[in-house]
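Chains as they are written, first to last, in the working numbering: chain A, 1 to 114; chain B, 1 to 113.
Think of the hints as simulated: they come from the structure by calculation, not from any bench. None of these values were measured; they are calculated from a predicted model. Please note: incorrect hints may appear among the correct ones.
Unchecked claim - Derived DSBU-like pairs (lysine-lysine); straight-line CA-CA distance at most 30 Å:
| # | chain 1 | residue 1 | chain 2 | residue 2 |
| --- | --- | --- | --- | --- |
| 1 | B | Lys68 | A | Lys78 |
| 2 | A | Lys15 | B | Lys77 |
| 3 | A | Lys15 | A | Lys41 |
| 4 | B | Lys68 | B | Lys52 |
| 5 | A | Lys78 | A | Lys51 |
| 6 | B | Lys68 | A | Lys41 |
| 7 | B | Lys52 | A | Lys51 |
| 8 | B | Lys77 | A | Lys44 |
| 9 | A | Lys15 | A | Lys44 |
| 10 | B | Lys56 | B | Lys77 |
| 11 | A | Lys44 | B | Lys52 |
| 12 | B | Lys77 | B | Lys60 |
| 13 | B | Lys52 | A | Lys54 |
| 14 | A | Lys41 | B | Lys56 |
| 15 | A | Lys15 | A | Lys54 |
| 16 | A | Lys44 | B | Lys68 |
| 17 | A | Lys54 | B | Lys60 |
| 18 | A | Lys54 | A | Lys44 |
| 19 | A | Lys78 | A | Lys44 |
| 20 | A | Lys41 | A | Lys78 |
| 21 | B | Lys60 | A | Lys44 |
| 22 | A | Lys41 | A | Lys54 |
| 23 | B | Lys52 | B | Lys77 |
| 24 | A | Lys41 | B | Lys77 |
| 25 | B | Lys68 | B | Lys56 |
| 26 | A | Lys78 | A | Lys15 |
| 27 | A | Lys78 | A | Lys54 |
As the list claims (entries may be wrong) - Pair ranges (Cβ atoms, derived):
| # | chain 1 | residue 1 | chain 2 | residue 2 | range |
| --- | --- | --- | --- | --- | --- |
| 28 | B | Gly9 | A | Glu83 | 24 to 30 Å |
| 29 | B | Glu8 | A | Gly28 | 37 to 43 Å |
| 30 | A | Glu68 | B | Gly41 | 26 to 32 Å |
| 31 | A | Gly40 | B | Val82 | 39 to 45 Å |
| 32 | B | Asn22 | A | Gln17 | 38 to 44 Å |
| 33 | A | Gly3 | B | Thr5 | 28 to 34 Å |
| 34 | A | Thr70 | B | Glu42 | 26 to 32 Å |
| 35 | B | Ser14 | A | Asp30 | 29 to 35 Å |
| 36 | B | Ser3 | A | Gly28 | 30 to 36 Å |
| 37 | A | Gly28 | B | Ser14 | 28 to 34 Å |
Claimed, not checked - Over the 10 Å line for every Cβ pair with chain B, so calculated as not near, a few chain A residues:
| # | residue |
| --- | --- |
| 38 | Glu14 |
| 39 | Gly28 |
| 40 | Ile43 |
From the three backbone atoms N, C-alpha and C, an ideal C-beta is built for every residue, glycine too.
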Amino acid sequence: EAGVTQFPSHSVIEKGQTVTLRCDPISGHDNLYWYRRVMGKEIKFLLHFVKESKQDESGMPNNRFLAERTGGTYSTLKVQPAELEDSGVYFCASSQENTRGGYTFGSGTRLTVV
Amino acid sequence: GDSVTQMEGPVTLSEEAFLTINCTYTATGYPSLFWYVQYPGEGLQLLLKATKADDKGSNKGFEATYRKETTSFHLEKGSVQVSDSAVYFCALSRAGNNRKLIWGLGTSLAVNP
Numbered sequence: 001e002a003g004v005t006q007f008p009s010h011s012v013i014e015k016g017q018t019v020t021l022r023c024d025p026i027s028g029h030d031n032l033y034w035y036r037r038v039m040g041k042e043i044k045f046l047l048h049f050v051k052e053s054k055q056d057e058s059g060m061p062n063n064r065f066l067a068e069r070t071g072g073t074y075s076t077l078k079v080q081p082a083e084l085e086d087s088g089v090y091f092c093a094s095s096q097e098n099t100r101g102g103y104t105f106g107s108g109t110r111l112t113v114v
Numbered sequence: 001g002d003s004v005t006q007m008e009g010p011v012t013l014s015e016e017a018f019l020t021i022n023c024t025y026t027a028t029g030y031p032s033l034f035w036y037v038q039y040p041g042e043g044l045q046l047l048l049k050a051t052k053a054d055d056k057g058s059n060k061g062f063e064a065t066y067r068k069e070t071t072s073f074h075l076e077k078g079s080v081q082v083s084d085s086a087v088y089f090c091a092l093s094r095a096g097n098n099r100k101l102i103w104g105l106g107t108s109l110a111v112n113p
C-alpha cells in the first residue's frame, strides 16, 4: 500500500508570505495527525483529525495556522502570514482506529522562513 | 504534564559496539511507550513499542523494556551496524482517546566502520 505522502518536501519562503503544506494519508486511515519539529527542540503535536473533524487542535501555535481535511481524505496546513519561528520540519501521520501511537509517518516538509 | 527525557547525543560508536540510549518518562496513568527512528533523508518509522509494564518491544535487533518502577524505556542493541546510523526518538502516548505522542528530543547515532 502507498504510504503517507507529504509535499512539498522543502519550502523556502519569505517572512509574511503564505505557505500550504499537504498530507495524503494512507487510504482508509481515519486518523490524521500533524506534528512539528523546530530545530533543537522536541517534536510537538499540532492537531488530530478523525475523518474531517478536528479531534484535538490544542497544539496549534496560534491563529496563523489553519488546518483542513475536506472530505476526510487529504489534509492541508496553511501558515499565513509566516514568521521566522515557524521554520522547522512538519510531519504528518495517519492511523486506523485504536492504534495508540503506532502511526505511519510521512517524510515531512522542511519549511524555512527567511 | 507528560514528558519524555532522552539522553543527549550525538552518540558515536564503532561497528559491532553495544548501544544503549536512555529514555525516562513522566506521565499519569499507564502510557504506551515507543521508539521511532529517522534514517537520513527519510521520515519517522516506528521501531518498537510496549503497551504495558514489563513488556519488551523488539525489532531489527533493538530491544526496550517498559519499566514502570523506574519509569524508563531504554533502547539497546548488542551489535550496531553502520546502517543503524540515524536519529532515535523516544515517545509516549497516554491511554484513552487522546492518542497524541509526547516526544523526547531525539538522539543522533553515528556508527563508524
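Straight-line alpha-carbon gap B/Lys68 to A/Lys41, limit 30 Å: The given pair, whose Cα atoms are some 26 Å apart, holds under the 30 Å limit.
With a cut-off of 30 Å on the C-alpha distance, tell me whether B/Lys60 and A/Lys44 pass. holds, 27 Å
Are A/Gly40 and B/Val82 spaced within 39 to 45 Å by their CB atoms? For B/Val82 against A/Gly40, whose Cβ atoms are near 26 Å apart, the range 39 to 45 Å is violated.
Assess, step by step, whether the Cα of B/Lys56 is no farther than 30 Å from the Cα of B/Lys77, and give holds or violated. holds, 13 Å
Starting from the range 38 to 44 Å, see whether the pair B/Asn22 and A/Gln17 falls in it by beta-carbon distance. Check passed, 41 Å falls within 38 to 44 Å.
Would the hint linking B/Lys68 and B/Lys52 be met if the CA-CA limit is 30 Å? Satisfied, since the Cα-Cα distance of roughly 9 Å is no more than 30 Å.
Would you check the hint for A/Lys44 and B/Lys68, treating anything up to 30 Å between C-alpha atoms as holding? holds, 24 Å
Holds or violated: B/Lys68 and A/Lys78, Cα atoms, limit 30 Å. violated, 40 Å
Does the structure keep A/Lys15 and A/Lys54 at a Cα separation of 30 Å or less? Between A/Lys15 and A/Lys54 the Cα gap is close to 28 Å, so the pair holds against 30 Å.
Is it true that the CA of A/Lys78 sits at most 30 Å from the CA of A/Lys54? Holds, because 15 Å separates the two Cα atoms, which is no more than 30 Å.
Satisfaction of hint between A/Lys15 and A/Lys78, Cα-Cα up to 30 Å: Distance of about 14 Å is within 30 Å: holds.
Should the label of A/Ile43 as a non-interface residue stand, given a Cβ cut-off of 10 Å to chain B? With a cut-off of 10 Å, A/Ile43 comes too close to chain B, as the shortest Cβ separation is near 4 Å.
Comparing the model with each earlier hint shows violations of hints 1, 2, 17, 31, 35, 37 and 40; every other hint is respected.
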